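Generate the whole structure from the sequences, applying the supplied hints.
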Amino acid sequence: MSSGSSERMLRRAAREVQAGMTVNLGIGLPTQILAYLPPDLEVCMHSENGIAGVGPIALNPDRNLIDAGGAYVSVMPGTAFFDSATSFAMVRGGRIDLTMLGAFEVSGTGDLASWIIPGKFTPGAGGAIELAQKARRVAVITTHVDKAGRPKIVEKCSLPLTAKGRVSRIFTDMAVCDVTPEGLRLVEIAEGLSVGEVRQATGTVLLVGDGPLATF
Amino acid sequence: MSSGSSERMLRRAAREVQAGMTVNLGIGLPTQILAYLPPDLEVCMHSENGIAGVGPIALNPDRNLIDAGGAYVSVMPGTAFFDSATSFAMVRGGRIDLTMLGAFEVSGTGDLASWIIPGKFTPGAGGAIELAQKARRVAVITTHVDKAGRPKIVEKCSLPLTAKGRVSRIFTDMAVCDVTPEGLRLVEIAEGLSVGEVRQATGTVLLVGDGPLATF
Amino acid sequence: MPLPDKTCGMEDAVSRIFDGATVMIGGFGVPGTPFCLIRELVRQGTKNLTIVKNDANKPGMGVDWLLASGQVRKLVVSHIGLNANAVRMMNAREVEVEFVPQGLLAERIRAAGAGLLGVVSDIMIDTPAGAGRTQVEVAGKRGYLEPALTADFALIHAERADTFGNLCFAASARNFNPLMCMAARHTIAEAETIVPQGAIDPHAVHAPGPFVHDVVAMPELLEAYGVIRL
Amino acid sequence: MPLPDKTCGMEDAVSRIFDGATVMIGGFGVPGTPFCLIRELVRQGTKNLTIVKNDANKPGMGVDWLLASGQVRKLVVSHIGLNANAVRMMNAREVEVEFVPQGLLAERIRAAGAGLLGVVSDIMIDTPAGAGRTQVEVAGKRGYLEPALTADFALIHAERADTFGNLCFAASARNFNPLMCMAARHTIAEAETIVPQGAIDPHAVHAPGPFVHDVVAMPELLEAYGVIRL
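Chains as they are written, first to last, in my numbering: chain A, 13 to 228; chain B, 13 to 228; chain C, 20 to 249; chain D, 20 to 249.
It should be emphasised that the hints constitute simulated quantities derived from the structure, not laboratory data. The structure presented is a predicted model; accordingly, all values stated were derived computationally and were not measured. A hint or two may mislead.
[Unchecked claim] Cut-off 30 angstroms, straight-line C-alpha distance, at most; resulting in silico cross-link-like pairs (BS3-like, lysine-lysine): (1) Lys-168(A) x Lys-160(D); (2) Lys-77(D) x Lys-160(C); (3) Lys-77(D) x Lys-159(A); (4) Lys-160(D) x Lys-176(A); (5) Lys-132(B) x Lys-160(C).
[Said to hold, decoys possible] If you anchor each label on the Cβ, the simulated ranges turn out as follows: (6) Leu-53(B) x Pro-238(D): 43 to 53 angstroms; (7) Lys-168(A) x Pro-238(D): 54 to 64 angstroms; (8) Ala-150(C) x Pro-238(D): 54 to 64 angstroms; (9) Ala-158(C) x Gly-106(A): 28 to 38 angstroms.
We put the beta carbon where it would ideally sit given N, CA and C, even for glycine.
Written out as structure tokens, the structure reads:
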């Protein structure tokens with residue numbers, strides 16, 4: 013994935029964040045979305061290590077102020093700090109309108125695998141299991157294929173699940189896809205790509221409407 | 013009970029509070045003990061409405077600062093405020109070294125009834141059930157007899173229990189009694205009273221040692 | 020990225036409360052009781068309410084206004100000993116009263132706020148007061164399943180609020196307020212002072228804004244708030 | 020009635036920790052991690068420890084020191100992805116690792132602090148990750164019994180402490196610290212600044228003194244606390 017397509021993906025994903033929402037961005041790609049939010053958007057960014065109202069990446073870092081991904085962030089007018097139990101009370105209690113999470117695999121039916129590759133990589137789930145199960149809306153942001161070129165969007169996850177059937181939308185460097193009752197639907201496509209190229213890189217059936225496809 | 017014997021009882025009960033303790037005083041008679049603590053005693057008074065380090069009754073009351081009994085109290089150097097869940101975390105978590113509670117009835121085996129007189133008075137337990145069950149040491153402070161002259165220290169409580177077998181010591185206007193494996197033991201007696209008078213006013217067997225009895 | 024503004028008129032905020040709703044009300048005695056919100060709820064006459072509160076205040080104050088106006092179907096409280104009206108109405112079966120030990124009341128409210136189904140506690144174990152509860156064993160110890168206490172609304176009194184709903188409470192006026200903020204599906208907070216975002220130190224927030232839906236200015240500091248009885 | 024003084028030397032405080040103890044350690048990444056206390060624990064060489072912490076820090080920092088010195092029998096964590104040493108040791112079975120979802124870890128620790136036997140949660144319900152848990156039904160919903168996580172000791176990093184043990188945490192350094200203060204049988208808090216009683220506003224206390232047993236001055240602000248990597 014080129015830095016250009018990465019930036020385009022992040023910029024597109026940032027548009028998922030709507031005014032009035034409380035939003036949690038997962039570790040990795042998702043926290044990078046923070047830099048792409050419009051400065052005047054009324055939104056509360058939540059970080060599971062105990063911040064509501066996360067501000068932009070700090071120009072003058074405070075050693076005690078990081079987001080869940082370890083980035084030095086800043087406060088804004090109206091920021092609040094709290095402990096980890098209170099933070100996950102927000103998550104489990106349904107106060108998070110949207111979470112955007114990374115993925116090892118995501119299925120066409122909204123299953124997410126993101127926390128363990130048995131025998132290879134076992135970092136632990138962190139807060140992802142609870143975010144994926146309890147946020148009001150779950151989006152995934154991921155490269156469309158892995159480093160070996162294999163699809164990360166699959167018919168059925170081969171890895172242990174983080175949550176089952178909770179993902180509504182998938183942002184990749186190639187496409188925006190929605191999980192619908194009919195199946196996975198291509199809703200936007202990266203500029204310059206063909207539907208065939210996206211289908212080729214996708215491990216499950218991809219529904220495409222009749223009308224013209226928006227690009228990003 | 014004369015005001016003199018009440019004051020004597022409170023003064024004696026106050027000596028139960030030892031340096032280093034965290035202590036909760038129940039509503040009614042017990043909270044009055046606060047006024048009898050030595051000013052230099054190192055102790056943390058806890059109030060279940062969310063205060064550690066309760067100070068003396070306020071000379072200039074703050075409308076937002078009451079103890080659990082509704083008295084306007086003061087802060088001290090080192091006072092902390094917290095919510096009701098945190099406050100009872102201290103109670104259930106075993107952080108309260110001593111609680112002193114009021115009683116409708118208390119038995120010679122340490123049972124306490126203090127929260128309901130079925131059909132007559134049903135105020136609810138407030139925090140008493142948890143304090144009585146979970147404080148490391150439970151003392152009762154009560155008049156020795158009720159307004160009708162009937163013993164409040166009984167062989168077996170007739171009222172629904174607040175907690176079973178948790179009371180270690182009973183302070184009254186007539187005596188200090190300890191609940192022991194052998195039974196209820198008279199350990200101190202109010203000045204000017206005879207053992208016979210105390211026994212007369214007590215609804216259960218009262219053990220008395222051979223040696224001289226301390227007075228208060 | 021400014022945070023959303025949640026300020027709302029008192030009448031509008033309270034009009035969200037519907038007949039038959041379960042309403043948590045903050046406060047332990049006077050401190051922390053949202054008397055202005057309660058007065059508005061009385062004015063609007065919303066009926067058949069289940070009120071969850073530590074206590075029933077004293078006669079002629081707060082919850083007692085709702086009892087007197089016949090708006091309360093049920094009280095869930097830890098004690099009502101200071102309100103003879105409430106005791107009388109309970110005995111006359113004019114209101115249903117459910118007693119919960121104070122710390123369990125706090126914890127069951129918090130459990131709802133934390134998105135838990137309940138907690139397991141050994142309070143009242145092996146006493147008749149524990150009757151009717153489901154017993155379970157955890158790590159070899161017996162306890163009761165204590166269900167989370169949810170509510171449709173919470174009425175909260177804060178000393179200060181910013182427009183996002185970050186709240187600060189004064190002294191012992193904190194009590195059940197932050198827990199109820201968490202637990203209710205919709206939380207309405209009145210504040211003695213409403214300040215702009217940024218006026219409250221992020222370290223000093225007692226109830227974070229994501230738990231609060233409406234921030235309401237108080238038309239006046241009613242006498243009830245200021246009572247000092249010596 | 021002054022409050023008790025709980026200040027204590029670092030060596031004395033840490034020497035209370037015995038071989039085989041379960042030790043909770045505050046912090047999420049760097050902020051809130053008590054590096055000085057951990058370094059002293061390494062110096063004293065206490066063995067066979069069960070460490071409860073959100074994460075295993077990064078290689079060469081904090082918990083990694085304890086892993087490198089072979090003092091850890093078991094880790095209870097939410098993730099260790101930032102510490103390749105920990106992942107390697109887990110794969111080589113040199114250390115046992117129990118993963119708990121982060122919010123459940125927080126809640127199970129808090130439950131111990133609140134004197135509860137456990138909580139009931141529907142996290143991981145109907146997924147293989149929930150395997151091995153006891154299922155119960157509360158108010159018609161299915162959840163797992165999640166036992167309280169107790170500990171013999173908690174090692175805490177505070178920005179400020181008074182001599183009674185009232186603690187304040189800086190920004191995102193709060194995280195698990197107040198919960199672990201509550202949960203451990205004995206809580207040792209290091210503080211960047213120790214102030215006299217009365218120097219902390221009673222409203223600003225994040226962990227009240229009754230939860231804290233030893234207040235320990237830090238000999239130095241180790242480099243680990245100050246790392247700013249851009």
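Status of each hint after checking the structure:
1. A hinted pair counts as satisfied when its Cα atoms are at most 30 angstroms apart, and Lys-168(A) with Lys-160(D) qualifies at roughly 28 angstroms.
2. At most 30 angstroms may separate the alpha-carbon atoms for a hinted pair to count; Lys-77(D) and Lys-160(C) exceed this at roughly 37 angstroms.
3. Under the criterion of a C-alpha separation no larger than 30 angstroms, the hint pairing Lys-77(D) with Lys-159(A) is consistent with the structure, at around 24 angstroms.
4. As the CA atoms of Lys-160(D) and Lys-176(A) are separated by approximately 18 angstroms, the hinted pair is consistent with the 30 angstroms bound.
5. Between Lys-132(B) and Lys-160(C) the CA atoms are separated by roughly 36 angstroms; this puts the pair beyond 30 angstroms, and the hint is violated.
6. Take Leu-53(B) and Pro-238(D): their Cβ atoms lie about 33 angstroms apart, and the range 43 to 53 angstroms is violated.
7. The supplied range of 54 to 64 angstroms is met by Lys-168(A) and Pro-238(D), whose beta-carbon atoms lie about 55 angstroms from each other.
8. Range check, Ala-150(C) to Pro-238(D): Cβ separation about 56 angstroms, and the 54 to 64 angstroms hint holds.
9. Between Ala-158(C) and Gly-106(A) the CB atoms are about 29 angstroms apart, so this pair conforms to the stated range of 28 to 38 angstroms.
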